[in-house]
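So the protein lines, in turn, are chains A and B.
When the count follows this note's numbering, it moves up by one through the first sequence with no breaks and lands on 404 for the last residue.
When the count follows this note's numbering, it moves up by one through the second sequence with no breaks and lands on 404 for the last residue.
Heads up, some of the hints might be wrong.
[Claimed, not checked] No farther apart than 20 Å at their CA atoms in a straight line, the calculated lysine to aspartate or glutamate pairs in the DMTMM-like style are these: (1) A/Lys110 x A/Glu126; (2) A/Lys20 x B/Glu52; (3) B/Lys250 x B/Asp182; (4) B/Lys209 x B/Glu194; (5) A/Lys193 x A/Glu52; (6) B/Lys20 x B/Glu233; (7) A/Lys325 x A/Asp303; (8) A/Lys20 x B/Glu56; (9) B/Lys20 x A/Glu56; (10) B/Lys20 x A/Glu52; (11) A/Lys191 x A/Asp142; (12) B/Lys193 x B/Glu52.
Source of the hints: derived by calculation from the structure; they are not laboratory data.
2 protein chains.
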Amino acid sequence: MPLIVQKYGGTSIADAERIKHVAQRIGAAHDKGNQVVAVVSAMGDTTDQLIELAHEINPAPAPREMDLLLSTGELVSCTLVAMALHGLGYPAIGLSGAQAGVRTDSTHRKARIVALEPERVTRELERGNIVIVAGFQGVTPDMDITTLGRGASDLTAVALAAALKAERCEIYTDVEGIYTADPHLVPEARKLKEIGYEEMLELASSGAKMQPRSIELAAVYQVPVLVTSSFAEVPGTLIHGGVTMELRNKVRGVAVDRNVAKITVLGVPDRPGIAASLFEPLAEVGVSVDTIVQNASVERVTDVTFTVARGDLHQALKVVEPVAKEIGARGCEAAQGLAKVSVVGTGMQNAPGYAAAMFRALYEAGINIEMITTSEIRITCIVAEDTVPAAVRALHKAFRLEEE
Amino acid sequence: MPLIVQKYGGTSIADAERIKHVAQRIGAAHDKGNQVVAVVSAMGDTTDQLIELAHEINPAPAPREMDLLLSTGELVSCTLVAMALHGLGYPAIGLSGAQAGVRTDSTHRKARIVALEPERVTRELERGNIVIVAGFQGVTPDMDITTLGRGASDLTAVALAAALKAERCEIYTDVEGIYTADPHLVPEARKLKEIGYEEMLELASSGAKMQPRSIELAAVYQVPVLVTSSFAEVPGTLIHGGVTMELRNKVRGVAVDRNVAKITVLGVPDRPGIAASLFEPLAEVGVSVDTIVQNASVERVTDVTFTVARGDLHQALKVVEPVAKEIGARGCEAAQGLAKVSVVGTGMQNAPGYAAAMFRALYEAGINIEMITTSEIRITCIVAEDTVPAAVRALHKAFRLEEE
Numbered sequence: 001m002p003l004i005v006q007k008y009g010g011t012s013i014a015d016a017e018r019i020k021h022v023a024q025r026i027g028a029a030h031d032k033g034n035q036v037v038a039v040v041s042a043m044g045d046t047t048d049q050l051i052e053l054a055h056e057i058n059p060a061p062a063p064r065e066m067d068l069l070l071s072t073g074e075l076v077s078c079t080l081v082a083m084a085l086h087g088l089g090y091p092a093i094g095l096s097g098a099q100a101g102v103r104t105d106s107t108h109r110k111a112r113i114v115a116l117e118p119e120r121v122t123r124e125l126e127r128g129n130i131v132i133v134a135g136f137q138g139v140t141p142d143m144d145i146t147t148l149g150r151g152a153s154d155l156t157a158v159a160l161a162a163a164l165k166a167e168r169c170e171i172y173t174d175v176e177g178i179y180t181a182d183p184h185l186v187p188e189a190r191k192l193k194e195i196g197y198e199e200m201l202e203l204a205s206s207g208a209k210m211q212p213r214s215i216e217l218a219a220v221y222q223v224p225v226l227v228t229s230s231f232a233e234v235p236g237t238l239i240h241g242g243v244t245m246e247l248r249n250k251v252r253g254v255a256v257d258r259n260v261a262k263i264t265v266l267g268v269p270d271r272p273g274i275a276a277s278l279f280e281p282l283a284e285v286g287v288s289v290d291t292i293v294q295n296a297s298v299e300r301v302t303d304v305t306f307t308v309a310r311g312d313l314h315q316a317l318k319v320v321e322p323v324a325k326e327i328g329a330r331g332c333e334a335a336q337g338l339a340k341v342s343v344v345g346t347g348m349q350n351a352p353g354y355a356a357a358m359f360r361a362l363y364e365a366g367i368n369i370e371m372i373t374t375s376e377i378r379i380t381c382i383v384a385e386d387t388v389p390a391a392v393r394a395l396h397k398a399f400r401l402e403e404e
Numbered sequence: 001m002p003l004i005v006q007k008y009g010g011t012s013i014a015d016a017e018r019i020k021h022v023a024q025r026i027g028a029a030h031d032k033g034n035q036v037v038a039v040v041s042a043m044g045d046t047t048d049q050l051i052e053l054a055h056e057i058n059p060a061p062a063p064r065e066m067d068l069l070l071s072t073g074e075l076v077s078c079t080l081v082a083m084a085l086h087g088l089g090y091p092a093i094g095l096s097g098a099q100a101g102v103r104t105d106s107t108h109r110k111a112r113i114v115a116l117e118p119e120r121v122t123r124e125l126e127r128g129n130i131v132i133v134a135g136f137q138g139v140t141p142d143m144d145i146t147t148l149g150r151g152a153s154d155l156t157a158v159a160l161a162a163a164l165k166a167e168r169c170e171i172y173t174d175v176e177g178i179y180t181a182d183p184h185l186v187p188e189a190r191k192l193k194e195i196g197y198e199e200m201l202e203l204a205s206s207g208a209k210m211q212p213r214s215i216e217l218a219a220v221y222q223v224p225v226l227v228t229s230s231f232a233e234v235p236g237t238l239i240h241g242g243v244t245m246e247l248r249n250k251v252r253g254v255a256v257d258r259n260v261a262k263i264t265v266l267g268v269p270d271r272p273g274i275a276a277s278l279f280e281p282l283a284e285v286g287v288s289v290d291t292i293v294q295n296a297s298v299e300r301v302t303d304v305t306f307t308v309a310r311g312d313l314h315q316a317l318k319v320v321e322p323v324a325k326e327i328g329a330r331g332c333e334a335a336q337g338l339a340k341v342s343v344v345g346t347g348m349q350n351a352p353g354y355a356a357a358m359f360r361a362l363y364e365a366g367i368n369i370e371m372i373t374t375s376e377i378r379i380t381c382i383v384a385e386d387t388v389p390a391a392v393r394a395l396h397k398a399f400r401l402e403e404e
């Protein structure tokens with residue numbers, strides 16, 4: 001009997017009505033003769049509400065207690081979905097992450113899965129049950145509850161699909177699949193029938209809607225992932241490994257990430273070890289630095305610019321300003337209101353001309369590029385946030401993404 | 001170092017402010033040189049809200065899923081109290097019932113504790129931590145989450161106190177202790193400094209504010225229990241085992257239980273096996289029958305009257321009516337609007353005159369007695385609910401409970 005792992009996000013189960021609707025979809029998959037495991041997130045904005053409550057009590061809550069607190073959101077939704085299935089006459093059981101065998105290290109708030117031991121899940125499937133699993137959470141060897149990081153219910157689903165050797169992992173969300181660009185910005189954006197893991201990874205880390213770690217994991221275990229809508233009956237986008245060859249020389253999509261702030265350290269003495277002395281203290285406080293640009297040195301003095309997530313800007317400045325003074329820099333400047341616009345496609349590997357085409361398209365649309373960064377299958381420009389709609393439309397047109 | 005187990009109920013931790021206040025009290029006990037374990041209930045009416053949500057989705061939710069759902073209420077509060085202690089600078093850790101070693105059978109919704117294995121609690125205490133435990137919940141050998149029945153955070157606290165050989169179990173609540181009668185009904189009601197387990201058991205099962213099973217457990221393990229206010233600094237009432245002798249010949253208090261409905265089966269043929277055929281079907285559907293009275297048989301026909309909790313009346317009638325027909329009874333009558341009024345005291349054992357004094361006091365207050373039931377240390381009269389205030393005042397006065 002084929003085994004399918006499904007995952008439903010918070011908006012798909014935001015209230016009692018939607019939970020009943022999701023139960024019908026899960027039941028329908030069961031009716032088709034599949035064994036079904038469904039991973040669920042917390043309802044609506046439960047997680048944010050719990051975080052707010054914790055901060056009312058302690059502005060800096062301990063990560064261990066925070067994890068135990070946040071894990072309740074998914075426990076609630078997994079039990080409610082199981083109850084809704086019972087109401088429809090299906091045999092079903094709700095399991096916590098710990099019960100489903102999600103073993104993690106003890107890095108609270110962003111634990112990594114060290115093993116998946118799904119014996120209980122298998123046993124319940126063999127008994128004929130539909131198994132509903134609380135996403136986002138696991139358990140340490142010491143039986144402490146951990147969470148796997150924001151959006152990590154996707155990760156739970158892919159990890160279970162890998163461990164159970166599922167035929168497919170289906171991610172149900174509030175969009176109908178992966179598009180060549182955000183349809184709100186580009187009306188002629190086209191939904192992709194399929195996409196490779198690496199391309200999806202670049203689209204996801206540049207702002208599209210699936211958690212990057214889960215895509216990596218799917219790639220490692222070669223789990224086919226279908227991203228589709230929980231509200232409409234649509235085919236969605238299949239993410240899998242076998243599409244690279246035929247799609248060579250093709251940009252697959254344009255991605256946007258608006259969560260960008262920039263810090264420039266001015267007049268940095270250009271000598272060995274300076275980069276380390278700037279970035280090590282940031283790593284120590286857990287601030288992730290993204291793009292780094294060091295301008296050409298003029299008379300042994302240089303400007304170093306880097307980007308961080310907007311929420312980290314305040315803390316990053318607090319760390320960097322004293323360091324800048326210490327190393328004899330002239331000062332720091334910060335800027336928000338920036339965004340990353342990226343074109344993504346495996347076809348771009350070692351193929352010249354894509355970067356030039358991108359820069360020309362932006363230039364012709366009158367958009368100034370602040371910084372540039374590239375990976376093997378992605379070219380990213382950092383631009384002023386208010387130019388994003390124009391930039392995305394220009395790029396979508398330049399690379400003819402509306403064409404099949 | 002002395003070890004104290006405390007328990008805080010839902011009203012004591014209903015919001016962020018109260019949680020911080022409770023954290024101060026827990027911290028104060030720690031400052032006095034005690035090792036402290038604090039058991040907490042769910043915040044305010046969280047449990048009722050979760051039940052309501054479940055019923056929106058399924059009117060008859062599965063007990064197993066219901067337990068996993070309800071257990072989240074106490075997880076939330078135990079983590080928040082731990083965070084509040086951290087905010088005050090105390091080392092603290094929040095543990096689920098499972099982590100605290102509360103092992104139960106798998107009777108969901110009202111599981112019984114089969115073992116308490118508090119190794120983790122002991123380890124955390126030895127590390128210097130204050131340990132906050134989620135009350136009301138445990139775990140089966142199969143790692144399924146169970147709950148111990150309504151009000152069972154008291155039970156968690158007493159069980160932990162017994163297993164850890166604590167010096168004392170302190171129950172913090174919204175009243176200041178155990179009174180000779182409800183102070184709302186009898187202004188001159190007196191707070192008891194101490195009371196025996198058996199007396200407390202009778203007061204509790206007749207409506208006072210501590211879960212009966214937890215008192216039984218305290219009696220078995222001879223755990224001294226202090227019931228006191230979480231809002232005021234007051235001495236409270238100590239429940240312990242050594243007070244029976246000196247308090248002989250004394251009524252200790254008047255208790256009220258308003259949760260009473262009555263069913264009378266009329267014209268029952270008086271032959272062997274009739275009682276079983278009436279009450280076995282009730283037991284099968286889980287309806288607990290309390291007082292049973294069978295009137296003297298006139299011409300081999302009798303009336304059988306019994307009481308049930310009001311919430312069970314509808315279901316009890318549904319079960320009893322067809323049985324009554326089957327056994328040839330004339331019919332069924334139901335009545336609500338009743339209450340139990342009890343006088344309680346170990347001193348009443350084998351001492352004549354208390355029942356007579358009770359009946360006279362009620363008679364002189366013009367109150368009609370519907371049914372009577374007694375235990376070794378309790379006499380209960382079932383009366384019309386609207387006569388409760390007058391009945392309690394009359395009994396409090398007749399037994400001079402206002403006197404020390």
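Against the structure, the hints come out as follows:
{"no.": "1", "hint": "A/Lys110 x A/Glu126", "result": "32 Å, violated"}
{"no.": "2", "hint": "A/Lys20 x B/Glu52", "result": "15 Å, holds"}
{"no.": "3", "hint": "B/Lys250 x B/Asp182", "result": "18 Å, holds"}
{"no.": "4", "hint": "B/Lys209 x B/Glu194", "result": "15 Å, holds"}
{"no.": "5", "hint": "A/Lys193 x A/Glu52", "result": "39 Å, violated"}
{"no.": "6", "hint": "B/Lys20 x B/Glu233", "result": "16 Å, holds"}
{"no.": "7", "hint": "A/Lys325 x A/Asp303", "result": "14 Å, holds"}
{"no.": "8", "hint": "A/Lys20 x B/Glu56", "result": "10 Å, holds"}
{"no.": "9", "hint": "B/Lys20 x A/Glu56", "result": "10 Å, holds"}
{"no.": "10", "hint": "B/Lys20 x A/Glu52", "result": "15 Å, holds"}
{"no.": "11", "hint": "A/Lys191 x A/Asp142", "result": "45 Å, violated"}
{"no.": "12", "hint": "B/Lys193 x B/Glu52", "result": "39 Å, violated"}
Checked against the numbered hints given earlier, the structure breaks hints 1, 5, 11 and 12 and satisfies all the rest.
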